[in-house]
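From first to last, the protein sequence lines are chains H and X. Read in order, the letters of the first sequence are residues 1 to 352 in the numbering used here. Read in order, the letters of the second sequence are residues 1 to 254 in the numbering used here.
Everything labelled a hint here was simulated from the structure, so no lab data went into it. Each hint should be verified, as a subset may be incorrect.
Said to hold, decoys possible - Label-pair restraints from in silico Cβ distances:
1. H/G293 <-> X/G112: 53 to 59 angstroms
2. H/S169 <-> X/L235: 52 to 58 angstroms
3. X/E184 <-> H/D104: 35 to 41 angstroms
4. X/V176 <-> H/E258: 46 to 52 angstroms
Don't be surprised by glycine CBs; every beta carbon is placed ideally from N, CA and C.
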Amino acid sequence: MKYAIIQKEGLSKWLEHLKSRARLYAPRKKENSFVFRPVRDISEVCLEYIPTILPPKKYYFPQKEKLLKFSVRPFKTAKAIDVFEEYILFGVHTCDIAGIQCMDVVFRDSPEDPNYLNRKDKMTIIGIECLNYCDKFANCASMGNHNPRGGYDLMLTDLGKSFIIHINSEKGEGLVTGLGYIREAKESEVSLLEQIREEKKKVFKEELGDALPVVYDAFDRGFNSKVWQNVGKRCVACGNCTAVCPTCYCFDVVDEMELSLNEGIRYRIWNYCQMDDFAKVAGGEDFRHGRDGRQKHRYYRKFKYSVDKYNRYFCTGCGRCTRTCMAQINLVDTVNALLNEGITYRTKRHKL
Amino acid sequence: MKKQAKPKLAFFDFTDCEGCQLQIVNMGNSLLELVKLVDIVNFREAMSEASDDYDIAFVEGSISTDNDVKRIKKIREKAKVVVAFGACASIGGVNGIKNLHSLELAKKRVYGEKSDKVNTIKVMPIQEVVKVDYVINGCPPYIPEIVSVIKCLLLGKAYTVPNYAVCVECKMNENVCRYEKDEECMGPVTRAGCNSWCVNNGNRCYGCRGLVDNPASDGQKDILLKYGLKLEDVLKHFTLYNASSGDKYEQSFA
Numbered sequence: 001m002k003y004a005i006i007q008k009e010g011l012s013k014w015l016e017h018l019k020s021r022a023r024l025y026a027p028r029k030k031e032n033s034f035v036f037r038p039v040r041d042i043s044e045v046c047l048e049y050i051p052t053i054l055p056p057k058k059y060y061f062p063q064k065e066k067l068l069k070f071s072v073r074p075f076k077t078a079k080a081i082d083v084f085e086e087y088i089l090f091g092v093h094t095c096d097i098a099g100i101q102c103m104d105v106v107f108r109d110s111p112e113d114p115n116y117l118n119r120k121d122k123m124t125i126i127g128i129e130c131l132n133y134c135d136k137f138a139n140c141a142s143m144g145n146h147n148p149r150g151g152y153d154l155m156l157t158d159l160g161k162s163f164i165i166h167i168n169s170e171k172g173e174g175l176v177t178g179l180g181y182i183r184e185a186k187e188s189e190v191s192l193l194e195q196i197r198e199e200k201k202k203v204f205k206e207e208l209g210d211a212l213p214v215v216y217d218a219f220d221r222g223f224n225s226k227v228w229q230n231v232g233k234r235c236v237a238c239g240n241c242t243a244v245c246p247t248c249y250c251f252d253v254v255d256e257m258e259l260s261l262n263e264g265i266r267y268r269i270w271n272y273c274q275m276d277d278f279a280k281v282a283g284g285e286d287f288r289h290g291r292d293g294r295q296k297h298r299y300y301r302k303f304k305y306s307v308d309k310y311n312r313y314f315c316t317g318c319g320r321c322t323r324t325c326m327a328q329i330n331l332v333d334t335v336n337a338l339l340n341e342g343i344t345y346r347t348k349r350h351k352l
Numbered sequence: 001m002k003k004q005a006k007p008k009l010a011f012f013d014f015t016d017c018e019g020c021q022l023q024i025v026n027m028g029n030s031l032l033e034l035v036k037l038v039d040i041v042n043f044r045e046a047m048s049e050a051s052d053d054y055d056i057a058f059v060e061g062s063i064s065t066d067n068d069v070k071r072i073k074k075i076r077e078k079a080k081v082v083v084a085f086g087a088c089a090s091i092g093g094v095n096g097i098k099n100l101h102s103l104e105l106a107k108k109r110v111y112g113e114k115s116d117k118v119n120t121i122k123v124m125p126i127q128e129v130v131k132v133d134y135v136i137n138g139c140p141p142y143i144p145e146i147v148s149v150i151k152c153l154l155l156g157k158a159y160t161v162p163n164y165a166v167c168v169e170c171k172m173n174e175n176v177c178r179y180e181k182d183e184e185c186m187g188p189v190t191r192a193g194c195n196s197w198c199v200n201n202g203n204r205c206y207g208c209r210g211l212v213d214n215p216a217s218d219g220q221k222d223i224l225l226k227y228g229l230k231l232e233d234v235l236k237h238f239t240l241y242n243a244s245s246g247d248k249y250e251q252s253f254a
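Chain H on its own, in the form it takes in the complex (with noise of 0.2 angstroms):
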């Protein structure tokens, strides 16, 4: 383990050196909330922040992404993006590390994407931990993404007048030496972290209301659950819940001529099974019909199936789909309210 020390007056500076070296993608505000954004100017980059209406997410797995290029006369197909640029994204909460964790496990997962693969090597994560909640949305003390836990190649505590930097790769050591600014720390300073990690317990509480592997066995027995017709009831099938959510990773492939009718694109666009015809299919057969079996989908792909598949919760904690939610659908109280069915459908079983 390695640790290094920034006075927080020389925070700009080091911005600025990040800069030079690659594209740097910062969260910004936005009116009232906040964005990743190319940083242009320093004092824009806001690290105390909620999180950003979208999730990093969007860098390396674009909302629209080309795939590659066409032409009908004569046939030919060719990539469509030759190079890909080096980029850092600075200030990325925990819980949107873990999100990219998640990403990397699917797309890596055979048959490998190149692009997304493309843009993962190119990028470099600075990541910052939270010491408070952001907002009361947030669940990730639960799924115990409030603490660093790898993932980032660099990541930033708060120690009041310095920040300590925890350096987890070499891209990232390579990021923080030979500058006269930075400095590494001394062992009070890494002792201190510990006491601020210990301090951090009686603010961070679980918010679902028991252990994950019970929630994943309230899962399992809750397919048939009522808690699923109550929010099928209140959503209105906007898809904001998908689109911010940091592991959703549905897209869909679609083919755009240029007008001159012979050349054209192909784009992966993201897609989201909260659509009404997402899994409709030739011949009108739709295999989730109800706003209901669409919302009970989006949750066990967060804290079932991924389970299942990965042996990881794809829900990171960040509070993005509850904070977003039109219709006040909030994931911590669904969770909560399929556990609560559990525990009356254990003592039921018990007095059998």
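Given chain H, work out where chain X should sit, using these hints.
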């Protein structure tokens, strides 16, 4: 090899403001590309020549008189392809407000004493009268979507208008939700395809593209409650463009 003749394209307008045709003029470079592929033979707003020999009819405006019915049927007979162009042609549009009252009242309000000399019928999108091959929604239509539909048309492909809410595109554009700023917006129930054009530019969604196939009524009420909006206010926004498809929203909010 003899070059195949270009298909002939004609524009027609019914009850409307002709603003959709203006979007064709606003197409810029795409228009220059387009005229390489089609011959525009009838375009009152942009040229003096007019021909009655055409293959593709872009029809703008809603049907609101008996004469309109006859005229659109004739256009349908002649054209190989009919495109409902813009909100009035595709969903009835602003003119549909007339349908909220009796025809008698509407006539009196507009024409006063001469109201008995005027022929008027309920406002209809053109597909209520004739078969339509392509629909381009919007007031006015979004130019990239016009181009997409034209490409599909020339390739003989179907164009599928999205059946999801404007919110989907709005989130992809990472706009701050209007509701988060205590401003209302028709995005959650309005059919996408415009790339949330209005919200991107600081406006709200007016619902000009019509409702998604299956708008959620119960959920909508929750939203109204959450943001402290009144049902009447929201209905007012709906009827601006969607009055002639009244059945659909009445069911939704009953």
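Okay, the hints, checked on the actual structure:
1. Evaluation of the 53 to 59 angstroms hint for H/G293 and X/G112 yields a pass: the beta carbon distance comes to about 55 angstroms.
2. Range check, H/S169 to X/L235: Cβ separation about 57 angstroms, and the 52 to 58 angstroms hint holds.
3. With their beta carbons about 40 angstroms apart, X/E184 and H/D104 fall inside the hinted range of 35 to 41 angstroms.
4. As the Cβ distance of X/V176 to H/E258 is approximately 34 angstroms, the hint placing it in 46 to 52 angstroms is violated.
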